[in-house]
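Heads up: the protein sequence lines correspond to chains A and B, in order. Sequential numbering from 374 applies to the first sequence in this note's numbering. Sequential numbering from 374 applies to the second sequence in this note's numbering.
The hints are simulated quantities; they were obtained by calculation from the structure and are not laboratory data. Please note that a few of the clues may not be correct.
Identical copies look the same in the list; a pair holds intra-copy or inter-copy alike.
Straight-line Cα separation of at most 20 angstroms, SDA-like style, residue types lysine to any residue; simulated pairs [unchecked claim]:
no., residue 1, residue 2
1, K411, R523
2, K378, T434
3, K378, D508
4, K378, M465
5, K411, N482
6, K378, V489
7, K388, S428
8, K388, S421
9, K411, E399
10, K378, P437
11, K388, P437
12, K411, Q377
13, K411, I390
14, K411, Q456
For clarity, every value in this text was computed on a predicted model and none was experimentally measured.
2 protein chains.
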Amino acid sequence: MEEQKPEGQLRPGEKAIDLRTSADAELQFIGSIRTPWKNRADCPRQGSFDGPLCSIEVDETWQPALAGLEAEASLDVLYWLHQATRNLVLQMPRGRSEPAGTFSIRSPNRPNPIGVSTVRLERIIGNRLEVRGLDCLDGTPLIDIKPHRRPRFDDSR
Amino acid sequence: MEEQKPEGQLRPGEKAIDLRTSADAELQFIGSIRTPWKNRADCPRQGSFDGPLCSIEVDETWQPALAGLEAEASLDVLYWLHQATRNLVLQMPRGRSEPAGTFSIRSPNRPNPIGVSTVRLERIIGNRLEVRGLDCLDGTPLIDIKPHRRPRFDDSR
Numbered sequence: 374m375e376e377q378k379p380e381g382q383l384r385p386g387e388k389a390i391d392l393r394t395s396a397d398a399e400l401q402f403i404g405s406i407r408t409p410w411k412n413r414a415d416c417p418r419q420g421s422f423d424g425p426l427c428s429i430e431v432d433e434t435w436q437p438a439l440a441g442l443e444a445e446a447s448l449d450v451l452y453w454l455h456q457a458t459r460n461l462v463l464q465m466p467r468g469r470s471e472p473a474g475t476f477s478i479r480s481p482n483r484p485n486p487i488g489v490s491t492v493r494l495e496r497i498i499g500n501r502l503e504v505r506g507l508d509c510l511d512g513t514p515l516i517d518i519k520p521h522r523r524p525r526f527d528d529s530r
Numbered sequence: 374m375e376e377q378k379p380e381g382q383l384r385p386g387e388k389a390i391d392l393r394t395s396a397d398a399e400l401q402f403i404g405s406i407r408t409p410w411k412n413r414a415d416c417p418r419q420g421s422f423d424g425p426l427c428s429i430e431v432d433e434t435w436q437p438a439l440a441g442l443e444a445e446a447s448l449d450v451l452y453w454l455h456q457a458t459r460n461l462v463l464q465m466p467r468g469r470s471e472p473a474g475t476f477s478i479r480s481p482n483r484p485n486p487i488g489v490s491t492v493r494l495e496r497i498i499g500n501r502l503e504v505r506g507l508d509c510l511d512g513t514p515l516i517d518i519k520p521h522r523r524p525r526f527d528d529s530r
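Produce the complete structure using the sequences and hints provided.
So this is what it looks like as structure tokens:
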């Protein structure tokens, strides 16, 4: 396991742990994501359905697995946050005065740095999906695509 | 990479590929999930906020990362679908007459078998979260927990 933040680079209030060296499961990337954002500071805090058009390029091996996807209006996209730090339990996001537990925020820095965005599907051209709603870096590795389903009986709105 | 469905076990209309043997990223499980469902046939098709109470047990190493989570009404939970088949591009879910592209359905059988559920948080007791809305097997390995944020400008409802 890589991507550990060394003790000396912690901000005040942050806390890191020693990660295990063993892995429990393995991922294979299935494509990559093209967005307008070239570094983390440029990325929006959260994607928006009226944000810029982004592309999801699916490896040709997996292109047949897109069959039927064109019928869906919104998708859940999973991707690997390849610039993340993985060993923080408490972290201090910019603009906050108190450290936050890693699971209480949507920071990319987490033990398994997987991003999940719900996007609006505009069109599919061959192995390329054009979507709106992403907020990740250009070149982000793709993990999965599935139809979005809203939680049932969502009384939290 | 394991969990390949051999040619001879494919249903009519299903299509499998040969997975690469190399991994692009590694996961470390951070806990496990307790639900009432002991085998795949018992699991509901989709979780519900008025479904049964389930528990998410976070490894003690990661317990400090729960700080602040109690303020959230709904969470996104990511978990590893440990009984999934990973090499199907077309698959035939029970009850369908035509094969479906893997990315066009929410089947657990997918190249990177990660489940995402939005759950309602009832309470946190130490390293255990009590939630409603899961639909996964008892003993499912936990990958991540984060606050749920609805997509912005969701005009798909």
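Now for the hints, and whether the structure bears them out:
Taking the closest pair of Cα atoms, K411 and R523 never come within 20 angstroms of each other, the shortest separation being 31 angstroms inside a single copy and 25 angstroms across copies. In this assembly of identical chains, the alpha carbons of K378 and T434 lie at most 20 angstroms apart only when taken from different copies (17 angstroms versus 35 angstroms within one copy). Neither within a single protomer nor between protomers do K378 and D508 lie at most 20 angstroms apart by alpha-carbon distance, with minima of 23 angstroms and 35 angstroms respectively. In this assembly of identical chains, K378 and M465 lie within 20 angstroms of each other by CA distance solely inside one copy; the values are 13 angstroms within and 44 angstroms between copies.
Only within a single protomer do K411 and N482 lie at most 20 angstroms apart by alpha-carbon distance; the minimum there is 18 angstroms, versus 33 angstroms between protomers. Taking the shortest Cα distances, K378 and V489 never come within 20 angstroms of each other, neither inside one copy (23 angstroms) nor across copies (27 angstroms). Taking the closest pair of Cα atoms, K388 and S428 never come within 20 angstroms of each other, the shortest separation being 36 angstroms inside a single copy and 26 angstroms across copies. In this assembly of identical chains, the alpha carbons of K388 and S421 never lie at most 20 angstroms apart, being 32 angstroms within a copy and 35 angstroms across copies at closest.
For the identical chains of this complex, K411 and E399 are neighbours neither inside a copy (27 angstroms) nor across copies (24 angstroms), given an alpha-carbon limit of 20 angstroms. Within a single copy, K378 and P437 get their C-alpha atoms only as close as 40 angstroms, which misses the 20 angstroms cut-off; across copies the closest is 17 angstroms, which meets it. Proximity of K388 to P437 under the C-alpha cut-off of 20 angstroms is restricted to the inter-copy arrangement: shortest distance 9 angstroms between copies versus 44 angstroms within a copy. Taking CA atoms no more than 20 angstroms apart as the test, K411 paired with Q377 passes in neither setting, with 22 angstroms inside one copy and 36 angstroms between copies.
Taking the closest pair of Cα atoms, K411 and I390 never come within 20 angstroms of each other, the shortest separation being 29 angstroms inside a single copy and 33 angstroms across copies. Taking the shortest alpha-carbon separations for K411 and Q456, only the intra-copy value of 12 angstroms comes in at or below 20 angstroms, while the best inter-copy value is 37 angstroms.
Hints 1, 3, 6, 7, 8, 9, 12 and 13, counting from the list given before, are not met by this structure.
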